[in-house]
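These protein sequence lines map, in sequence, to chains A and B. All the letters of the first sequence, read from the start, carry residue numbers 1 to 296 under UniProt numbering. All the letters of the second sequence, read from the start, carry residue numbers 1 to 262 under UniProt numbering.
Everything labelled a hint here was simulated from the structure, so no lab data went into it. This one's a predicted model, so the numbers in the text were calculated from it and none came from an experiment. Heads up, some of the hints might be wrong.
Straight-line Cα separation of at most 27 Å, DSSO-like style, residue types lysine-lysine; simulated pairs [what the hints assert, rightly or not]:
#, chain 1, residue 1, chain 2, residue 2
1, A, 186, A, 213
2, B, 46, A, 213
3, B, 93, B, 156
4, B, 93, B, 228
5, A, 186, B, 91
6, B, 91, B, 156
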Amino acid sequence: MKNLENQTKQAHSRGRSGLASFGLLLPGGGMLALLVAAPLILLIVASFCANDSFSGGFTLANYQQVFADGVFTSLMGKSVLMGLAVTLGCVLLAYPVAYGLAKLVSERARGSLIVLIIIPFFTSQLLLIYSMIVLLQGQGPLMSLLALFGADPSASILYTDAAVFLILLYEFLPYMVLCLYSAIAKIDDNQLRAAQTLGAGRVKRFTSVIFPKSLPGLLSGILLVFVPVTGSFVEPDLAGGSSGMMVGSLINSNFAAAYNLGRGAALSVLFLVILTAITLVINGLLRWAGRGRQRL
Amino acid sequence: MKKKYPWVRAIMILVYAFMFLPIGIVILMSFNASPYGTFPFEFTTKWYELLFSGGDLGQATALSLIFSLLVALAAVLIGLLTAQGMRRIGKRKAAVFSQLLNSAIIVPWLVLGIAMLILFNMTGLGRSYLGMFLGNTVVVLPYVVLLVYPALLEQKPNAESAARTLGASPLRVFWTVTLPGILPAVAAGGLMALMVCFNNFVIQYYLAPFGVRTLPLEIYNLVRVGYKPDINALASIMVVVSVGLVLLVSRLGFGKKKGLFW
Chain A
1 MKNLENQTKQ
11 AHSRGRSGLA
21 SFGLLLPGGG
31 MLALLVAAPL
41 ILLIVASFCA
51 NDSFSGGFTL
61 ANYQQVFADG
71 VFTSLMGKSV
81 LMGLAVTLGC
91 VLLAYPVAYG
101 LAKLVSERAR
111 GSLIVLIIIP
121 FFTSQLLLIY
131 SMIVLLQGQG
141 PLMSLLALFG
151 ADPSASILYT
161 DAAVFLILLY
171 EFLPYMVLCL
181 YSAIAKIDDN
191 QLRAAQTLGA
201 GRVKRFTSVI
211 FPKSLPGLLS
221 GILLVFVPVT
231 GSFVEPDLAG
241 GSSGMMVGSL
251 INSNFAAAYN
261 LGRGAALSVL
271 FLVILTAITL
281 VINGLLRWAG
291 RGRQRL
Chain B
1 MKKKYPWVRA
11 IMILVYAFMF
21 LPIGIVILMS
31 FNASPYGTFP
41 FEFTTKWYEL
51 LFSGGDLGQA
61 TALSLIFSLL
71 VALAAVLIGL
81 LTAQGMRRIG
91 KRKAAVFSQL
101 LNSAIIVPWL
111 VLGIAMLILF
121 NMTGLGRSYL
131 GMFLGNTVVV
141 LPYVVLLVYP
151 ALLEQKPNAE
161 SAARTLGASP
171 LRVFWTVTLP
181 GILPAVAAGG
191 LMALMVCFNN
201 FVIQYYLAPF
211 GVRTLPLEIY
221 NLVRVGYKPD
231 INALASIMVV
241 VSVGLVLLVS
251 RLGFGKKKGL
261 FW
């Protein structure tokens, strides 16, 4: 069968076939080149340009300006902390859920429970934020309930960093659960039983079987959660209150209200570089931890 | 092994409660007469009536629906070509190409949206329907390809070779042999593209023409101002629609074999 396939392949002239493949890939590849690669290159170029018309020559002034007032540094630090906190929260909650979905629940329950986890993917980000605001707002359902126990019903954590944390956790938890679930589901039950028979307790089973085996899922989960959370600007804008700004809000303020090309581009580039560096460090650390474990 | 991990089960229940409490409250509030979302609860359907009486939310929903359908259609067409091309160039080169596709997912939409706005401003296109259309299409394209390409790989090439040998044109082979086999994955990819575009706030925020409000933009503006009970009604309808679509997509492409997430 393989032969027949090869013969038919050879029967078509090789040059024409290559041209056809190229033609098929052209629209998609062209779109990626023109609408993802080119804009990102332009962004980097713009960050080194003296003025908005790309004619002022090379300059570092935009970067100097960004660091001059210290706003970027403090907001970037705050955002990275928020990103790490939300990611950690997601990991801590998602591991038990993913393990339960993969190994504890029955086959039938699993299908429906996974569908439930996917629903937020298909729901608007803004509606998720909005529903959390409704839940948390002063005089709202949660505060009315707490008022029964003597709390002030008009007080609320809404418009604080705690509310932003909760909303981001709520939005991104499903990503982490699905990533970890797909990795844990592939672990052979026998391997877990073997570890148990050999006397490994729960902690040991986690550190020497589940953790190293689920590492790929954990790494993609961290990428999917940490990067967008650190760059979020809608959540702090809607629920963070007056002191809720994050680095995404700062970048956004250079493009939405005003059009401050050079400075905004420099901010975006720095943001991307720092995020990439942190993600690489986290990946490296986890990989190192996983490898060390697997040797035991 | 069953019934042995009480704390794992407890956390599962807690997490599911956390995930669905806000949505449940919004559905409850959509039937509450209070315009500020406060108790005591008094049943009403007036927010649904308000929603359908032709306000801004209804108009924005219609605009978003038509726009997302066009984007999904374009993404499916281009995604089919791309997946077919990836299949022809062999697995190793295809892996490189799918890395390229992934980059469109990994770069934060905030940065990508801004970068595209800079490009469009420089080329004179500016904020326009065309720019918004292109931006949203390139962002949903990876989802379509990631769903369609694996389905295409699972197809045996023999039937296609036979059809070719019998004299069918490549286009006819694709239309009558290849496409029917991967139709569920194509439908799942199309729905995924539709939903991601319909809900995409960030890209539309930067690329939409001034004054044009798609649904995410309209909701953003309303939520900034404060509590609006007709958003509750809209949110409830959208959650119900989402549940239906998730069930449909999981039937089509996700549940059976390996899908996008597992």
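- Query: Going through the earlier hints one by one, which of them does the structure break, listed in rising order?
  - Reply: 2, 4
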